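Start from the sequences and build out the full structure, keeping to the hints where you can.
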Amino acid sequence: AQSVTQPDIHITVSEGASLELRCNYSYGATPYLFWYVQSPGQGLQLLLKYFSGDTLVQGIKGFEAEFKRSQSSFNLRKPSVHWSDAAEYFCAVGARGFGNEKLTFGTGTRLTIIP
Amino acid sequence: EADIYQTPRYLVIGTGKKITLECSQTMGHDKMYWYQQDPGMELHLIHYSYGVNSTEKGDLSSESTVSRIRTEHFPLTLESARPSHTSQYLCASRDPLAGSNTGELFFGEGSRLTVL
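Protein chains in written order, with this note's numbering: chain A, 1 to 115; chain B, 116 to 231.
The set of hints was computed from the structure by calculation and includes no laboratory data.
Just to be clear, a hint being listed does not mean it is correct.
[Stated by the list, open to error] In silico PhoX-like pairs for lysine-lysine, Cα to Cα no more than 20 Å straight-line: (1) 146/B x 102/A; (2) 61/A x 102/A; (3) 49/A x 61/A; (4) 146/B x 49/A; (5) 102/A x 172/B; (6) 49/A x 68/A.
[To be verified] Derived Cβ-Cβ restraints for the label pairs, each shown as a range: (7) 115/A x 199/B: 36 to 44 Å; (8) 28/A x 176/B: 36 to 44 Å; (9) 195/B x 14/A: 48 to 56 Å; (10) 22/A x 156/B: 17 to 25 Å; (11) 172/B x 114/A: 40 to 48 Å; (12) 124/B x 5/A: 27 to 35 Å; (13) 182/B x 14/A: 45 to 53 Å; (14) 77/A x 229/B: 32 to 40 Å; (15) 71/A x 125/B: 38 to 46 Å; (16) 40/A x 122/B: 25 to 33 Å; (17) 53/A x 197/B: 45 to 53 Å; (18) 176/B x 79/A: 38 to 46 Å.
[Unchecked claim] In silico negatives: residues of chain A with every beta carbon more than 12 Å from chain B: (19) 1; (20) 11; (21) 12; (22) 17; (23) 19; (24) 64; (25) 66; (26) 71; (27) 77; (28) 81; (29) 82; (30) 83; (31) 102.
As the structure is a computational prediction, the values presented were derived from the model and not from experiment.
The beta-carbon is built from N, C-alpha and C at its ideal position, and this holds for glycine as well.
Have a look at this one:
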């Protein structure tokens, strides 16, 4: 069974600073990987996803993530955060193969932006 | 913008009441899901459906039930609510990609249930 660890429960960064949110996964093969963002009172919105190919994936809102197989990581990055990026961020892993419906989510990282 | 809607957004009810959380999507997606979300915890899959007349239980044992009579509608019901059911419930549907399970999940805004 797959699992996801987001080591940082809460991160605070200054507006304009760079950001990296950590995600480590456990899965026996190459997984499908996702980052979702959840603003207060809202559902989850997909930021980006990795299925195969280029290990550096670009997403919406200026986010990117890099799949590192050797480290079992899929860290999310943004070069310069904006106040509107304050939200909860969830990393998720999905198993390959038809019928594998389970998308396993991490516990989330809450991002606070200070002026 | 995803077209998946949940009602009610917020619900406070007393113990023992029957409640139904509604979820509708207008994207024609066959696969739909219910997740339970508690603060500081991962999202837990409690129910999913492959299509009309299909319902399956997820990882987390839940006393709720679901039905899928129409493609666009996937309601969740609690016959007798208890305080332990207090949580946020998120509905999602999956964008299909050539029959695989790799498609993106679209989420509704959630239904926050409080049982007193």
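Quick one: are residue 115/A and residue 199/B within 36 to 44 Å, going by C-beta?
-> holds (40 Å)
Beyond 12 Å from every chain B Cβ: check whether that's true for residue 82/A.
-> Holds: least Cβ distance 20 Å, greater than 12 Å.
Is the hinted pair residue 61/A and residue 102/A satisfied, with a Cα-Cα distance of at most 20 Å?
-> Cα-Cα ~27 Å, so violated.
Below or equal to 20 Å on CA atoms is what counts here, so check residue 146/B against residue 49/A.
-> This hinted pair holds, its Cα atoms lying about 19 Å apart.
Using the Cβ atoms, figure out if residue 53/A sits within 45 to 53 Å of residue 197/B.
-> This hint holds: roughly 47 Å between Cβ atoms.
Is the hinted range of 45 to 53 Å satisfied by the C-beta distance from residue 182/B to residue 14/A?
-> holds (49 Å)
Can the suggested window of 27 to 35 Å be confirmed for the beta-carbon pair residue 124/B and residue 5/A?
-> Holds: the Cβ-Cβ distance is about 31 Å, inside 27 to 35 Å.
38 to 46 Å as the expected CB spacing between residue 125/B and residue 71/A, which holds or is violated = Roughly 41 Å apart at Cβ, these two residues keep to the hinted range, so it holds.
Taking the closest pair, is the beta carbon of residue 11/A still more than 12 Å from chain B?
-> Correct as stated: the minimum Cβ-Cβ distance to chain B is 14 Å, above 12 Å.
Taking only the CA atoms, is the gap from residue 49/A to residue 68/A under or equal to 20 Å?
-> Roughly 14 Å separates the two Cα atoms, so the pair holds.
Distance restraint evaluation - residue 77/A, residue 229/B, Cβ atoms, bounds 32 to 40 Å = At 37 Å between Cβs, range holds.
Falls inside 48 to 56 Å, the C-beta gap from residue 195/B to residue 14/A?
-> At roughly 49 Å between Cβ atoms, residue 14/A and residue 195/B fall inside 48 to 56 Å, so the hint holds.
Hint check: violations occur at hints 2, 8, 16, 19 and 31; the rest are consistent with the structure.
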